[in-house]
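Enquirer: Protein chains in written order, with my numbering: chain A, 1 to 224; chain B, 1 to 224.
Careful, some of the hints might be misleading.
No copy is singled out in the list; a pair is fine if it fits within one copy or between any two copies.
Within a straight-line C-alpha distance of at most 27 Å, the following computed DSS-like cross-link-like pairs (lysine-lysine) qualify [as the list claims (entries may be wrong)]:
no., residue 1, residue 2
1, Lys-161, Lys-27
2, Lys-27, Lys-133
3, Lys-27, Lys-138
Simulated from the structure, these hints should not be mistaken for lab results.
Protein chains: 2
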Amino acid sequence: MQLVQLPANLPAMEQHPPSDFARLRRKPQRGAYDRATIHAIIDAATLCYIGHIIDGRPVVIPTFHWRYEDRVYWHGSAASRMLRANAAGGEVCLTVTLLDAWVLARTSFNHSANYRSVLCYGRPSLVEDANEKLAAMKGFVERLFPGRWDRLRPPTAQEIKATSILSMPLTEASAKIRSGPPMDNDEDRSWPVWAGLLPVHLAGDPPIADADVVSGQEPPAMPA
Amino acid sequence: MQLVQLPANLPAMEQHPPSDFARLRRKPQRGAYDRATIHAIIDAATLCYIGHIIDGRPVVIPTFHWRYEDRVYWHGSAASRMLRANAAGGEVCLTVTLLDAWVLARTSFNHSANYRSVLCYGRPSLVEDANEKLAAMKGFVERLFPGRWDRLRPPTAQEIKATSILSMPLTEASAKIRSGPPMDNDEDRSWPVWAGLLPVHLAGDPPIADADVVSGQEPPAMPA
Numbered sequence: 001m002q003l004v005q006l007p008a009n010l011p012a013m014e015q016h017p018p019s020d021f022a023r024l025r026r027k028p029q030r031g032a033y034d035r036a037t038i039h040a041i042i043d044a045a046t047l048c049y050i051g052h053i054i055d056g057r058p059v060v061i062p063t064f065h066w067r068y069e070d071r072v073y074w075h076g077s078a079a080s081r082m083l084r085a086n087a088a089g090g091e092v093c094l095t096v097t098l099l100d101a102w103v104l105a106r107t108s109f110n111h112s113a114n115y116r117s118v119l120c121y122g123r124p125s126l127v128e129d130a131n132e133k134l135a136a137m138k139g140f141v142e143r144l145f146p147g148r149w150d151r152l153r154p155p156t157a158q159e160i161k162a163t164s165i166l167s168m169p170l171t172e173a174s175a176k177i178r179s180g181p182p183m184d185n186d187e188d189r190s191w192p193v194w195a196g197l198l199p200v201h202l203a204g205d206p207p208i209a210d211a212d213v214v215s216g217q218e219p220p221a222m223p224a
Numbered sequence: 001m002q003l004v005q006l007p008a009n010l011p012a013m014e015q016h017p018p019s020d021f022a023r024l025r026r027k028p029q030r031g032a033y034d035r036a037t038i039h040a041i042i043d044a045a046t047l048c049y050i051g052h053i054i055d056g057r058p059v060v061i062p063t064f065h066w067r068y069e070d071r072v073y074w075h076g077s078a079a080s081r082m083l084r085a086n087a088a089g090g091e092v093c094l095t096v097t098l099l100d101a102w103v104l105a106r107t108s109f110n111h112s113a114n115y116r117s118v119l120c121y122g123r124p125s126l127v128e129d130a131n132e133k134l135a136a137m138k139g140f141v142e143r144l145f146p147g148r149w150d151r152l153r154p155p156t157a158q159e160i161k162a163t164s165i166l167s168m169p170l171t172e173a174s175a176k177i178r179s180g181p182p183m184d185n186d187e188d189r190s191w192p193v194w195a196g197l198l199p200v201h202l203a204g205d206p207p208i209a210d211a212d213v214v215s216g217q218e219p220p221a222m223p224a
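Between the sequences and the hints, there should be enough to build the whole structure, so can you do that?
Expert: Right, here's the structure in full:
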């Protein structure tokens with residue numbers, strides 16, 4: 001995927017030292033702050049949850065995101081409260097979570113989940129330049145459906161104008177991961193109940209073609 | 001599922017009139033405020049995202065939730081920043097989203113997703129009473145794995161004490177739903193690209209039994 005005119009000169013550091021705010025307090029052994037881990041989790045997720053402060057109150061909006069280099073992008077309508085809050089320079093927290101398995105233990109207390117999550121904090125900025133916006137829109141489509149952008153009816157100037165794109169550097173971010181079996185106390189392991197993992201994943205169902213699809217056109221794969 | 005000692009005297013109203021804050025501004029035709037719709041979406045989701053304001057900054061934490069009557073519950077460690085923020089009477093926004101399908105249109109602009117989401121705002125309160133807390137813990141396990149609670153090693157007083165349970169009334173909530181095919185402009189419908197829905201759902205993979213599981217024990221079904 002080729003994105004043009006996005007800032008590309010990133011520092012060579014491979015590790016973001018966590019800020020005091022981003023550093024995990026609970027179960028710090030599950031934490032990770034290296035760029036490769038954070039990027040991989042962000043890339044594996046399509047849906048994110050963005051927390052804003054609007055009129056002094058927390059508001060969490062689900063939306064889709066994509067990543068280019070060390071920035072995360074999302075889009076919205078210029079008319080939305082979310083965009084207005086962002087345009088005012090407000091800070092956000094963007095959170096993604098991939099649920100990997102239910103973790104069933106012998107006690108309710110030791111039940112858990114295997115997951116990969118990232119929280120990143122920052123102040124998003126609007127992508128103002130029309131060419132940069134177009135590149136970002138292409139990046140969004142191509143991240144979900146590789147090869148689709150060039151097959152679509154190209155966007156009009158009005159459509160580009162009506163789309164707002166935000167981006168935020170991944171400089172203040174943390175990952176949190178749990179994997180592995182349930183952690184029961186030794187004395188509980190012989191309790192007569194099933195224990196282990198129930199893995200889950202997001203699966204695709206058969207595509208449903210829209211009316212009037214031109215014959216011979218095939219659906220793309222579900223986003224991975 | 002039987003939960004004891006939780007407040008049960010709810011007003012008979014079937015419709016929460018949306019507060020000005022909770023009322024949808026963007027695409028209001030996708031909004032719903034009736035209790036049945038809001039309950040059904042909350043019940044269909046297991047993972048929620050709770051937005052807090054901590055040190056003046058938005059923080060979005062993923063966690064699991066469950067519902068009893070017109071309240072939503074979640075749990076956490078008494079030592080967490082999230083719990084400390086809640087104990088200080090802070091307001092939260094609890095958001096759930098079920099992704100139902102990718103919506104592929106003939107233009108990037110008209111791509112969308114089918115989803116069901118709920119945002120609810122409020123000030124959570126700690127479940128303080130030990131019996132009420134036990135009932136809520138049972139409600140959580142039974143919501144995920146019906147019949148499992150009575151098969152587990154019962155919780156100790158220490159385990160109950162170490163678990164913090166929060167709840168919040170669903171009085172200031174809104175649902176937002178998109179369903180149906182892509183909405184392309186008439187003049188785009190003959191564009192030669194596949195368009196339609198790619199439905200998705202959370203699917204289970206084969207269970208992975210823990211070491212030492214007592215023979216004859218079978219795994220429960222994945223939470224629905």
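Enquirer: Hint by hint, where does the structure go against what was stated? Just the numbers, ascending.
Expert: Structure breaks no hint.
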